[in-house]
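Using the sequences provided together with the hints, build the complete structure.
The primary structure of each chain is shown beneath.
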Amino acid sequence: MTDLSVPFRERAGRALDDHFLQEALTIATTKFIELRREAFGSFPEGDALRDRARAIKEATLQRLDAHLERLIDRVEALGGHVHFARTAAEAREIILGIAKRTGARMAVKSKSMATEEIDLNEALEHAGVTPVETDLGEYIIQLAHEKPSHIIAPAIHKTKGQVAELFTRVLGRPAEPDPEALTRIARAELREKFLQADLGITGANFAVAETGTVVLVTNEGNGRMITSLPRVHVAVMGVEKVVPSMTDLMVFLAILARSATGQKLSVYTTMVQGPRRADELEGPDEFHLVLLDNGRIRQLAGTLREALSCLRCGACLNVCPVYRQIGGHAYGYTYPGPIGILLTAMLNGNAAVRDLAHASSLCGACLDACPVRIDIPRMLIALRKENVEAGRAPAAERSAFGAFARLLRHPALYRAAAPLARVLQRPLARGRRIRRLPLFFGAWTRTRDLPVVAPRTFSERWRALERER
Amino acid sequence: MTTRAEFLGEIRREMAKTPGAFPATPALRPARPAEVAETIRRELAERWPETLERFRQEFERVGGVFYRVGSIDAVPGVVGRIAREREARRLVAWHPSALGRDLVPPLRSEGLDGEAMPPGALDDPRARQALRERIAAADLGLTGVDLAIAETGSLVLVSGAGRPRSTSLLPPYHVAVFDRTALVESLAQVGVLLEAWHAGEAPAGRGAAINVITGPSRTADIELTLTRGVHGPKEVHAIFVEAPWRG
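Which chain is which? The protein sequence lines are A and B, in order. All letters in the first sequence, in the order written, are residues 1 to 469 by the working numbering. All letters in the second sequence, in the order written, are residues 1001 to 1247 by the working numbering.
Careful, some of the hints might be misleading.
What the hints assert, rightly or not - Chain B is faced by these chain A residues, among others (derived, beta-carbon under 8 angstroms):
id, residue
1, Ala-28
2, Ile-72
3, Glu-90
4, Leu-136
5, Gly-137
6, Thr-159
7, Thr-183
8, Ile-185
9, Leu-190
10, Lys-193
11, Thr-211
12, Leu-253
13, Glu-282
14, Glu-286
15, Leu-291
16, Ile-297
It is worth saying that the hints were derived from the structure and are not from the lab. All C-beta atoms in this analysis are idealised placements derived from N, C-alpha and C, irrespective of residue type, glycine included.
So, in structure tokens, the structure goes:
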């Protein structure tokens, strides 16, 4: 697990020194980028659908109360129960209450960032309920006691050799480093759990207000298992996941998988509408929907409102030059990558991203890749600004920029500074660059060069021109 | 614990801070979905051959195996062949009322150990458990199809009486049988049809799960190597029957 007492700079540094991680990240993110490009390349209506999807999200947020009321009413009319969690702790308490009341000993889970976000597994374990992650990638990292390193490919940082070693050690099954053989082992192990578990826990990719439908998207089929076999199904969803109608849902389905894995649709789109009906052989006897706030509601009128449109597709991670270098763990929180910085601020407050907000070159690749065109760079800048205004910037940075600002505000001082700087930089300049500054200024040049002050600055030349006229 | 009123009240308080600050377009929904659905059905009835061809291409692209037969009576022969090639013997099928035909007897003639699912729920938990174990032990699951989406090569299966969810999930081979009445062109059309289905009261026998199935179960979680059949079926077969056989 990532140790947050280690500063971000150091966590990132360690990731950069991990050569295997570097290679795995390059291969995975490059492949995802290609798949996404091909998927949208042969889908001319894609751009218009992205705009439409964003418009639907905005329209839904504007009447979020009404859509949620409709969703709650519909789910309850179908025989389901709806719960309300303002905080992660409250969500855990609700779910543990359900587990306790139903006497559940084991809970099978399908991949859900919302349950990662509320640290549900630790809470279940403490309460004597064994959580079993059933998405293959999540299963691997659960056995390894790690956290996901990518929103949609949680174990991309592991080799097949490491997975084989892990299965052999933890499951006591001698395993060959062959993805197919390893998948067969996981299938057999998890099939038993699906058939035994009393409790199934999922997230929700979407929820359709008009029909009370919770929608799960998976490729492996674990979402189907969990909605078919256990006696009790609990779905945890952030309030922003609601969409008004089935018509709207189709717009999102058409862009989600294309953005994530380049598929036209993921293999399984499972739509569930409350518990098993009277004539049905299978399906849960109890269905619970937990609506989660955890910092989201505050952003309806906040700096990060746009981030409430996020579909969790992972496309912005793959294209981000920072994520591609350091991977998911170095970020240190549940959600990595460009969107992850915004979601971390949403969930944990601005102070949590004092350093992370700078883990971006603001190149805009995330904005281009985002299926709903979330302007991530704009919000990163806003977070940096808010953190500076709240006095959270490091002291050295504050004094340096303070001095620079004074210089810019006083033309006489600024004009005098150039000749002075030319003298001072003489021992430091190597050609037209300064590669290393002394004292604590060195932190700035550790990862950057500084251009030297020009032999004649623009304002000096301008003044010369004025004189010649 | 937070109540519904507190929770929604908090949302309204935050919403009130930004009245109309964000441009939004209302969602486009058919005002009368049943009528639009009827129009779509009529149009599709005329151009089903192109739709079928597109479905076949997309279905094969996602790893499905496509067959075309003249009548429902030819289906057991195809299923028998699929089973023999894979040394599969045990088959579970939707109930005849859901499938539109009792195919278990002719499948037995093909050498398959077939069982039709019960027409409704089972009250006795032991009987339910025993049946679940038989479905889990089966090699082949035979189902119908509610919609076949050409754009994505997907099969839509609605759960319900006689059509248990796990028939298309637990056995390693899923075989689905459909005709032209199930064909639709696009996800957008599926949206309209789903709106129409939900416009009134749910008809008796309709279940609580709609599954859109796009090829066999897959994962790429280990070194991005594509592997089939991780939890669901490793193979999906779709048999198109030229002559609609229901009613």
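Against the structure, the hints:
1. Ala-28: 6 angstroms, holds
2. Ile-72: 7 angstroms, holds
3. Glu-90: 6 angstroms, holds
4. Leu-136: Leu-136(A) check passes; min Cβ-Cβ to chain B is 4 angstroms, inside 8 angstroms.
5. Gly-137: 4 angstroms, holds
6. Thr-159: Since the shortest Cβ distance to chain B is 7 angstroms, the answer is holds.
7. Thr-183: The hint holds - Thr-183(A) has a Cβ within 8 angstroms of chain B, the shortest such distance being about 4 angstroms.
8. Ile-185: 11 angstroms, violated
9. Leu-190: Holds - the Cβ of Leu-190(A) comes within 8 angstroms of chain B, reaching about 7 angstroms at its closest.
10. Lys-193: Check failed: Cβ of Lys-193(A) comes no nearer than 11 angstroms to chain B, outside 8 angstroms.
11. Thr-211: At about 5 angstroms, which falls below the 8 angstroms cut-off, the nearest Cβ of chain B leaves the hint on Thr-211(A) intact, so it holds.
12. Leu-253: Holds - the Cβ of Leu-253(A) comes within 8 angstroms of chain B, reaching about 6 angstroms at its closest.
13. Glu-282: With a minimum Cβ separation of about 5 angstroms from chain B (threshold 8 angstroms), the hint on Glu-282(A) holds.
14. Glu-286: 12 angstroms, violated
15. Leu-291: Where the cut-off is 8 angstroms and the nearest Cβ of chain B is about 7 angstroms from Leu-291(A), the hint holds.
16. Ile-297: 5 angstroms, holds
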